[in-house]
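2 protein chains.
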Amino acid sequence: MAPPTLDFYFDFSSPYGYLAAVQIGELAARHGRRVAWKPFLLGAVYKKIGGQPLVAQPLKGDYSVRDMQRSARELQVPLHFPPGFPFASVAACRAVYWRQAGDPTAAGDLVLAFYHRAFGEGGDISSAEGVLEVAERLGIERGELEAALQDASVKEKTRQEVEAALDRGVFGSPFIFADDEPFWGADRLPVLDRWLSRGGW
Amino acid sequence: MAPPTLDFYFDFSSPYGYLAAVQIGELAARHGRRVAWKPFLLGAVYKKIGGQPLVAQPLKGDYSVRDMQRSARELQVPLHFPPGFPFASVAACRAVYWRQAGDPTAAGDLVLAFYHRAFGEGGDISSAEGVLEVAERLGIERGELEAALQDASVKEKTRQEVEAALDRGVFGSPFIFADDEPFWGADRLPVLDRWLSRGGW
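As they're listed, the protein sequences go chains P and C. In terms of this note's numbering, the first sequence is residues 1 to 201. In terms of this note's numbering, the second sequence is residues 1001 to 1201.
To be clear, the hints were calculated from the coordinates, so they are not data collected in a lab. Note that beta-carbon positions come from the ideal geometry of N, C-alpha and C, so glycine has one too. Possibly wrong hints are sitting among the right ones.
Unchecked claim - Below, computed lysine-lysine pairings styled on DSS-like, alpha-carbon distance capped at 27 Å:
| hint | chain 1 | residue 1 | chain 2 | residue 2 |
| --- | --- | --- | --- | --- |
| 1 | C | 1060 | P | 157 |
| 2 | C | 1048 | P | 48 |
| 3 | C | 1048 | C | 1155 |
| 4 | C | 1048 | P | 47 |
Stated by the list, open to error - Beyond 12 Å from chain C on every Cβ pair, some chain P residues (computed):
| hint | residue |
| --- | --- |
| 5 | 84 |
| 6 | 102 |
| 7 | 138 |
| 8 | 152 |
Please model the complete structure; the sequences and the hints are all you need to start from.
Spelled out as structure tokens, the structure:
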């Protein structure tokens, strides 16, 4: 039987998603779990229930940037904001769902490579070209992915996954389910860690 | 010289403010600091920059209630939501600023008693009567506080404190400054704790 998963929902344009993504693999492994990587689109959430990107909000935006930088320094991971941030992340989403080919625990390397390019280096992953460059470095055949990004079934799979995330109650990034228990925010990772250690409370 | 403070901003109607308030005294003492208790009104923030109470927001509201309950269980403190929650907290604010009489580190007992009544017991502290009952149990003379709640200078002091909180960038509850470093949310207490231990990073 496959080990249980941690279902890790995130938007590639989310700095807190990045800061959680670099930690979640080790956390999951410590509890005998695998990560199911579930990219989705915050824009779909805003469309459904309203809202706007964190960094665009008065006061909260400035604080959040400061908190993201402080969190990154403590984790000792680089944090740079890509040009055009917050950016459209649907191409990167599609690449991941295509690469997973039905196994949600696959393609973690691609997820982390996208995030590293976007927030570790401040590079572009909003364009198909940006996505293809990152994928090529992992040995993914460029022409194959280029075709996949335009493939109707890949687009449909991505649409369904985003819809399923919203149906499950996901409204922010990162958002993690341990079985049916929801955890929102990179700041909830220590709570999730204790939850898994104790089997809940 | 007085020891440095942790400036603890909170709305009495904020469950996360309650969950942080029961921890902040011990945290501050561990780092040789005193708590400056700074009640303010989230309503003034919403008026200034928009927004609405957390629990009224779609999806986020349901999640937040669950997260508050989970956080309270882990801390082993009672959590009950008072009738009419979220409630008007200006009377409790005024009582605190009156009781402090210019010393922001005073009246911690009153703050904790209000919070205990509201979220520990699910009782009313939105009315003058609710505020007076809590204060009486601490030995505060009822008639004196009753007059203070109507006193123009107490109202003005409260108005100024709320304005000063907004001017300092406070937009949520709890919101803590360690010197000039801001920390928003009960979930940032462990970060604040490490920040004070290390002298920042």
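These are the hints, each one checked on the structure:
no.: 1; hint: C:1060 to P:157; in the structure: 26 Å, holds
no.: 2; hint: C:1048 to P:48; in the structure: 25 Å, holds
no.: 3; hint: C:1048 to C:1155; in the structure: 19 Å, holds
no.: 4; hint: C:1048 to P:47; in the structure: 24 Å, holds
no.: 5; hint: 84; in the structure: 25 Å, holds
no.: 6; hint: 102; in the structure: 28 Å, holds
no.: 7; hint: 138; in the structure: 32 Å, holds
no.: 8; hint: 152; in the structure: 30 Å, holds
Every hint from the earlier list agrees with this structure, and none is contradicted.
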